[in-house]
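In the order they appear, the protein sequences are chains A and B. Sequential numbering of the first sequence, starting at 1, is according to my numbering. Sequential numbering of the second sequence, starting at 1001, is according to my numbering.
Think of the hints as simulated: they come from the structure by calculation, not from any bench. Idealized CB from N, CA, C, for every residue including glycine. Any given hint could be a false lead.
Estimated spans, in silico, between C-beta atoms of each pair [to be verified]:
(1) Lys1046(B) x Thr27(A): 26 to 34 Å
(2) Arg1019(B) x Ala123(A): 17 to 25 Å
(3) Pro1002(B) x Glu138(A): 55 to 63 Å
(4) Ala19(A) x His1093(B): 17 to 25 Å
(5) Glu138(A) x Lys1004(B): 48 to 56 Å
(6) Arg1100(B) x Ser137(A): 25 to 33 Å
(7) Gly1098(B) x Asp131(A): 25 to 33 Å
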Amino acid sequence: MTTTATTASSFDVRAPIHAIIPNVFDTMLGLPLAPARADATRPGDGLITGFVGIGGENVCGAVYLHFPEALAQQAAAAMLGLGAGETAADADVNDVVGELCNMVAGGLKGLLCDAGLPCAISAPAIVRGGDYSIETSEDVPRQKFFFDCQEHRLAVEVHLKTN
Amino acid sequence: MPTKVLSVDDSKIIRMIVRRALAAFDCTVVEAVNGEEGLARAASEKPDLIILDITMPVMDGVTMLARLKETADLKDIPVIMLTAESGRENVMHIAQLGVRDYLVKPFKDEQLVEKVGRVLSLKPAAAPVAA
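Just chain A, same shape as in the assembly (with noise of 0.2 Å):
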């Protein structure tokens, strides 16, 4: 995956994303996630994309979650609830990876709206796929964070623009 540069925003996403994410991960999957170096990569498998857009009179981005297939798989298994070697079907694991989005960008959204940006966020979507990369317009400030979950790496994109 190509790793994009990070600008500064008006409205800063880090602690907020760090507070977030592994409070999502916990409640919903039991699964404990770590602050990983920002420039920390490590070789990919298949990834599973979730986004969810964010948008409002001054607020305009979008929320991307990028899982290995194995920790889209995991987390899948673990909001199922299925037994050890059963598999979910990649509708289950496209609906899981989507819920878990739109869970960080409703949190995400509240923080905002508090923040005075009132803002709507739109239904999750899912991309499937090997390397790729998110592209936007250069003026919306991007910031990359990575989580580690056992021996799986989460990154997590925000592209925000606020006036």
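Once you've looked at the hints, dock chain B against the given chain A.
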């Protein structure tokens, strides 16, 4: 007649979690995938409780709730709202809609069981299965 709960959510996963949590009670769970279908099921099933997501395609939960409140034989069905949006303004808005209670995602099964039990004055027959 067993207690009947209507779960309205476009997410199959969340409907499954609701169903799993409510297995703690002696109740029947019926489902709908959006507000429009939820209204139809509410009219046909006359549930004792509706667990209602806010953000859904076709008809969202806020619109469905408003329609419920306009319908004489449905307006008194208690509603627990589910929301992924945790901000103060959102919570205050939900509280003003006439819902019995609300739950912010992410949530644990036990939290939903506690709220459903309180609204329906039911005690769980079994501990909810942890996610």
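Hints and how they fare:
1. Lys1046(B) x Thr27(A): 26 to 34 Å: Cβ of lysine 1046(B) to Cβ of threonine 27(A): about 33 Å, so the range 26 to 34 Å holds.
2. Arg1019(B) x Ala123(A): 17 to 25 Å: Since the Cβ atoms of arginine 1019(B) and alanine 123(A) sit about 22 Å apart, the hinted range of 17 to 25 Å holds.
3. Pro1002(B) x Glu138(A): 55 to 63 Å: The hinted range 55 to 63 Å holds for proline 1002(B) and glutamate 138(A), with Cβ atoms some 59 Å apart.
4. Ala19(A) x His1093(B): 17 to 25 Å: Hint holds: Cβ distance 22 Å, inside 17 to 25 Å.
5. Glu138(A) x Lys1004(B): 48 to 56 Å: For glutamate 138(A) and lysine 1004(B) the Cβ distance comes to about 54 Å; the hint holds.
6. Arg1100(B) x Ser137(A): 25 to 33 Å: 44 Å, violated
7. Gly1098(B) x Asp131(A): 25 to 33 Å: Violated, at about 50 Å.
Of the numbered hints stated above, those contradicted by the structure are hints 6, 7, listed in ascending order.
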